[in-house]
Amino acid sequence: MEQSSLLLKKQLADMRRVPVDGFSAGLVDDNDIYKWEVLVIGPPDTLYEGGFFKAILDFPRDYPQKPPKMKFISEIWHPNIDKEGNVCISILHDPGDDKWGYERPEERWLPVHTVETILLSVISMLTDPNFESPANVDAAKMQRENYADFKKKVAQCVRRTQEE
Amino acid sequence: MATEGALIKVTVKSPSQRFDVEISPSASISELKDKVLLSVPTANKEQICIIYTGKILKDDETLVQNKISDGHTVHLVVRNQNRPAGPASSPAAASTAPPPSSQPSAAPPPSGNPFGGFGTMGGASPADILNNPDAVRSVMDNPITQQLLSNPEFMRTIIQSNPGFQEMIESNPEVGHILNDPNIMRQTMEMIRNPNMFQEMMRNHDQAIRNLQGIPGGEAALERLYNDVQEPLMNSASNSLRGNPFASLRGQQSNEPRVDRAGQENNEALPNPWASNNSSSNNASNNRSADFNFDQLSAMMDSPGFGSLMEQMMSNPSMQASMFSPEVVNSIRQSMTNNPALIDAVIGSMPTARDNPQITESIRRNFPQMLSMMSDPSVMQAMQNPRVSQAFRQIQDGFATLRQEAPQLLNMFHAQAGPGMDQLFGNAAANAAAGTTGTPSAASTAAGGVGNGMSGLADLIRHMNMGGRQAAGGAPAAAAPANPEQTYASQLEQLQSMGFSDRARNIAALTAAFGDLNAAVERLLNSPPQ
Chain A
591 MEQSSLLLKK QLADMRRVPV DGFSAGLVDD NDIYKWEVLV IGPPDTLYEG GFFKAILDFP
651 RDYPQKPPKM KFISEIWHPN IDKEGNVCIS ILHDPGDDKW GYERPEERWL PVHTVETILL
711 SVISMLTDPN FESPANVDAA KMQRENYADF KKKVAQCVRR TQEE
Chain B
4 MATEGALIKV TVKSPSQRFD VEISPSASIS ELKDKVLLSV PTANKEQICI IYTGKILKDD
64 ETLVQNKISD GHTVHLVVRN QNRPAGPASS PAAASTAPPP SSQPSAAPPP SGNPFGGFGT
124 MGGASPADIL NNPDAVRSVM DNPITQQLLS NPEFMRTIIQ SNPGFQEMIE SNPEVGHILN
184 DPNIMRQTME MIRNPNMFQE MMRNHDQAIR NLQGIPGGEA ALERLYNDVQ EPLMNSASNS
244 LRGNPFASLR GQQSNEPRVD RAGQENNEAL PNPWASNNSS SNNASNNRSA DFNFDQLSAM
304 MDSPGFGSLM EQMMSNPSMQ ASMFSPEVVN SIRQSMTNNP ALIDAVIGSM PTARDNPQIT
364 ESIRRNFPQM LSMMSDPSVM QAMQNPRVSQ AFRQIQDGFA TLRQEAPQLL NMFHAQAGPG
424 MDQLFGNAAA NAAAGTTGTP SAASTAAGGV GNGMSGLADL IRHMNMGGRQ AAGGAPAAAA
484 PANPEQTYAS QLEQLQSMGF SDRARNIAAL TAAFGDLNAA VERLLNSPPQ
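Protein sequence lines correspond, in order, to chains A and B.
Residue 591 is where the first sequence starts when you use this note's numbering, and the numbers rise one by one after that.
Residue 4 is where the second sequence starts when you use this note's numbering, and the numbers rise one by one after that.
What the hints contain is simulated information worked out from the structure, not anything from laboratory work.
The structure presented is a predicted model; accordingly, all values stated were derived computationally and were not measured.
Please note that a few of the clues may not be correct.
A few chain B residues that don't get close to chain A, going by computed Cβ distances all over 12 Å [as the list claims (entries may be wrong)]:
(1) S33
(2) D37
(3) L40
(4) D209
(5) Q393
(6) T404
(7) L405
(8) Q407
Derived pair list, reagent style DSSO-like, types lysine-lysine, alpha-carbon separation capped at 27 Å [what the hints assert, rightly or not]:
(9) B:K38 with A:K599
(10) A:K673 with A:K599
(11) A:K600 with B:K12
If you only want the chain B side, here are some residues facing chain A, beta carbon under 10 Å, derived [claimed, not checked]:
(12) L10
(13) I11
(14) S27
(15) Y55
(16) G57
(17) K58
(18) G74
(19) H78
(20) N207
(21) I212
(22) E222
(23) N388
(24) R390
Glycine included, every Cβ here is placed at the ideal spot set by N, Cα and C.
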């Protein structure tokens, strides 16, 4: 069995026993250890509170050398999540130097990251968006220029996740 | 995995707590929720969400179906109750209390939502009322409420009596000015009464904030605004202002003018509470404050309501007692000695004295004496006795009668009035003047003091004085001597041994001081020999 599969199985078993606050993770299909489904619980005291946002974590075979991809299935309006739901945070970027020069290598993917550390980063991103490199420019603009509309839009997403 | 029938232990974890539930693996999620409810008594079953391996578990599924086995942990999320269906309901606000459903567009946190404070007020019943626009309107439309709210004085009292708000004003003086603007008050009240108008205002507000952000430096100004106004407001609102619906409203009002002035210092003077109507509370506190300001005082005396206020104060024993408390009198005395013009102002405020230069002159001359007398503890004690001041009022009334019935008698007093002659009765004048600091009543008593120089009339006055004291019934100083020479024999002897040789003057001084040796000595030293 590959190293990645063993590592992910261990993480899954750990998380079943001792889940981490703020999210819950499992497999989409029990036969595919590389495809995880995650439910992010909207962090308290943020606009996202009360929402249950579904996301898929897609691990490469060469995990943990390369990062997984994270994509929200639930609609979510956030400056650092693009309109397809892809999460854009530095630790999920391939290791090495940033060709745009924004991120330092230590901010990018490192093999020490686990599902837990990734999700904690995502939750902190929900709490505290990074305006410098928005993946959803419209959301970033709206948040800065028309916060009321931004709030409204987020609230819509939150409500939709509750109905699912 | 546990066999059918055997119980498994599932750990339930929520952000605030963590507990174990024993349950059969074949049980449904609904049954699991029932067990969870035992540990979370505040929640309804509909509010509970069980989350496991990335899924929200459905009620009709079983634990086995979801592969929950012994020792596993599930997430518990308690949803908010009665989530308002309005499109603007922000989950953040809803977590503490649902925002008023009448509010279509929620304001951004940096600009502040004036009704946001309502959400944090806690307290179920006021919050419920406030969340119901109809209830708010009916309360606000109630004539009694309207009457109350249209009275700025009342509103000010409410707000000033709130320690949290006071604290806030102390730390943010610029917020204080809203208190003194009845227009803002009225506007605020109008806003509460009319949800539509409120919404409109909110929209305008959002627009204004957005425009502000657009201009260069606007962002920084907003940030400063948030730090200077919003945060302290929020802090005080969440601490001691719980339950005060006006707190955040008022904070909101302060926003716009602050924005206008952002970037410059606020060097406006705070409104002078003395500028207009003196409320009695203002007055009392001012009497207590050790520094008397001359301008303030004359302004105060010129106000028409002051006389009646004095009247009221004099009829209130406890108010009087506090007015005559040693530290207050001392502070008056000090400021009078330091500021001769103050005496003139006091005199000027007495109508009788103003019209009569003779009286003015006499009062002025005797002021230092009065003042030194005020430092005498026994005099102070006498003044603090409400019955004593009552007696003085009677004397005063007596003079009024005298003036009406026999004006020629009074004219005689005036004609005979000379330097130092009023010392016999100076006590009364001093008391009245000190006690009322410039009311008309002091003037008439002083007029009496001026006139009592003639020995025969002095007797008459002493009788009046005694009568007053007897009517007052046993005030400390009431032991009026029938024969002062006999009653004050020991004091006279002491005065003699101190070197005061003029026996007649000694007797007069002792009589005036009601036998108090120190006061008599004071009196003798301060008045030139006749």
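### Message
Name the hints, by number, that the structure is in violation of.
### Response
Of the numbered hints, 4, 9, 10, 12, 13, 14, 20, 23, 24 do not hold.
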